[in-house]
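Trainee: Build the full structure now, drawing on both the sequences and the hints.
This is what each chain is made of:
There are 2 protein chains.
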Amino acid sequence: MGETQGKTGIGVIGLGKRGRGLLKQLLKMDNVEVKAICDWNEDWLKMGVDSIVEAGKPMAACVRSYEELLAREDIEGVIIPTSWTSHVEIMVAAMKAGKYAACEVGAVASLEECWQLVRTQEETGVPCMLLENCNYGRDEMAILNMVKQGVFGELIHCECGYEHDLRKSLTDGYDSGHYRIHHYLHRNGDNYPTHGLGPVAKLLNINRGNQFLTLTSMASKARGVRDWARVNREEGHPLREAELAQGDIITTMIKCAHGETITITLDTSLPRPYSRANRVQGTKGIWMEDNASIHIEGRSPEHKWEPFADYREEYEHPLWRRYIEEGVRGGHGGMDYLCLQAFVESVERRIAPPIDVYDAAAWMAVSILSEQSIAQGSQPVSFPDFTKGKWIRRKPGPASIYSLETVDASVFA
Amino acid sequence: MGETQGKTGIGVIGLGKRGRGLLKQLLKMDNVEVKAICDWNEDWLKMGVDSIVEAGKPMAACVRSYEELLAREDIEGVIIPTSWTSHVEIMVAAMKAGKYAACEVGAVASLEECWQLVRTQEETGVPCMLLENCNYGRDEMAILNMVKQGVFGELIHCECGYEHDLRKSLTDGYDSGHYRIHHYLHRNGDNYPTHGLGPVAKLLNINRGNQFLTLTSMASKARGVRDWARVNREEGHPLREAELAQGDIITTMIKCAHGETITITLDTSLPRPYSRANRVQGTKGIWMEDNASIHIEGRSPEHKWEPFADYREEYEHPLWRRYIEEGVRGGHGGMDYLCLQAFVESVERRIAPPIDVYDAAAWMAVSILSEQSIAQGSQPVSFPDFTKGKWIRRKPGPASIYSLETVDASVFA
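Sequences listed follow chains A and B, in order.
Mapping of the first sequence onto the working numbering: residues 206 to 618, in sequence order.
Mapping of the second sequence onto the working numbering: residues 206 to 618, in sequence order.
Keep in mind the hints are simulated off the structure, nothing from the lab.
Note that the structure is a prediction, hence the values are computed from the model and not measured.
Don't take every hint at face value.
Which copy is meant is left open, because identical chains are indistinguishable; a pair holds if it fits in one copy or across any two.
Claimed, not checked - Here are the computed lysine to aspartate or glutamate pairs in the EDC-like style, where the Cα-Cα straight-line distance is at most 16 Å:
1. K353 <-> E521
2. K301 <-> E281
3. K233 <-> E550
Mentor: As structure tokens, this is what we get:
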């Protein structure tokens, strides 16, 4: 058993491309034993087995149903990189089975799913985590460090987004039966808000003394995927004539309880370089990702930008400073590994994960509220208070520890 | 008389800082004679006189009431750089007096003012122009040229703004009795949208086959001016304790008739470098001002930015190419001169100005609609159709000629 060896027993449910990537990260961790892997697709299961062999780790059980995996006693936590519409169902089943549960990011379809997560955790006492890797991005964590030290003064406005040209992968997905393009064909809203919003929510202490109050969203027309398919796919391909529901650009504005505003952009079906479009602005300064620049009053020359790189050097987050010394590992510039590690550590220490069920519910709700607002001609819609009032007195505590026990927790306070 | 000398007789109403700057530009134009200047402030009138003497031009009549100026027969057009709340009153009076009228940009206070402009022009047949200098910005005009040539494909989304740290000048204004800070004390909305929106409206053919349909606005809390005054003004200064109505950041989203979206940011009371925050995005590419970069599909390396400077060299607007050869003149990088020249040319040739009354009404309406939306918790509000349906069949024509007769008009088509 994992416990007897001093290792944490983890299961992986879903071995698509993302699931196989996360499995490889888990196999690098000395404190983890992957006890079981699960997928209905035999080819993907086989690829998981290959990864375990390659890593020289003990073989995991291979199962085709998540119920079977969740029934195993040697598993303490499960990673759920499945499709958007199955995340919550499996998260709920995992918590009911007493397993710490962690799912990948992506659009949920109803507020009831968010409530299901909250309700299940409150009833079972078993925690769950949203695996928002961008909360562990190097820039994002340096900015968190700066905000906590007051470098930006009082925060006033943040911007963020997911700006990633997915036209080819969406079209390939259509050809291979992947689920994502079908959301684009039928739904219209910000289907992927958390890469930008997760880090911003932590800066603004959402669910811990602050709250998202309302949002309003607007969608542009949809042209990108269709036009791309017309150039890159043969006559007769359905996407060449498809009328996607999903607008090319979705802009969302959020108002917070303490008067801060947030703008989120989803931009995934037009040609462009990748960006998370971060902007953090307070009474003492502003940081922008897109020009890699910062301006801090009293330090920067008046009305001039300075390179952010110099500030990152100075304000590197302690977690990242140590991570760089020890060697950065894994995908997406190293943040995937840190995010998974934070989950594993929560399981190991039986503590609340740093991105908890209230975070998951509030961040994921943006997809649905955005759809509702767009469907109603950009009417403002209200966020449910998933904490049921507890946000008023909740303070950043152990739950804000971003992994690595030796890092001074005070920087997350 | 101006006409007999082959010169256009112009009057200037309002000799504050901006008015005196524009007067100096007019005095550089060989085809213009400034026949009269007007202000109630004797010191400012005197400064205007000094400028005329310094330029070696014939002395203008000096009057204290605009009615007196408008009654003069030697004046064909008037420039109205007065305060925000007097622009429309004087524009209307000018048109009724048969003078081509041009006012500076700034917030109007009611939709009725926009309708007054439209109604007066339609009744009198006398044109008016909004002096939106940023429509003549070098980057903006190169982008216009590129859009008209199809480089960006079908336009989908634009962003723009007025991001200018005005904390010192707002506070100085309070001390000197200037009007602008009083808007900040009492109103909450995008009070200065046209620097960004004017050029974007021309890209999207607003009022000429396209239309602004609705907008929704959101305001952050207000901290910037107060916090700045606390550091930079002595104990007892009213702005140290002032509760400004105007939020520090105002974000506005506009939906257009053909499905394009526009985001506008007003950011004038927090520390930051200047930007008009332009972003133009179509099915074939994207330009961003803040990183001075562009990405054009099939030309730029995949998923990579290129410096915009190279493209500007290639797509320099003909007006600007000639302007650079002849020598760039005047304020704000030369665009003030071009904008005034376009007005003067319209007067001289008795043609419609390039930024006409429908443009002025639609662009200025944003301030009011933004306030209404914010006051209603970011409800969407509808734009009036100031063209009363004529936008459906209006096409870019002579009115789109951006001055300089020798420039091929086809690039504005």
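Trainee: Take the hints in turn and mark each one as holding or not.
Mentor: Hints, verified against the model:
no.	hint	result
1	K353 <-> E521	within (13 Å within a copy, 45 Å between copies)
2	K301 <-> E281	within (12 Å within a copy, 82 Å between copies)
3	K233 <-> E550	within (14 Å within a copy, 72 Å between copies)
Figure legend: structure checked against the earlier numbered hints; every hint is met.
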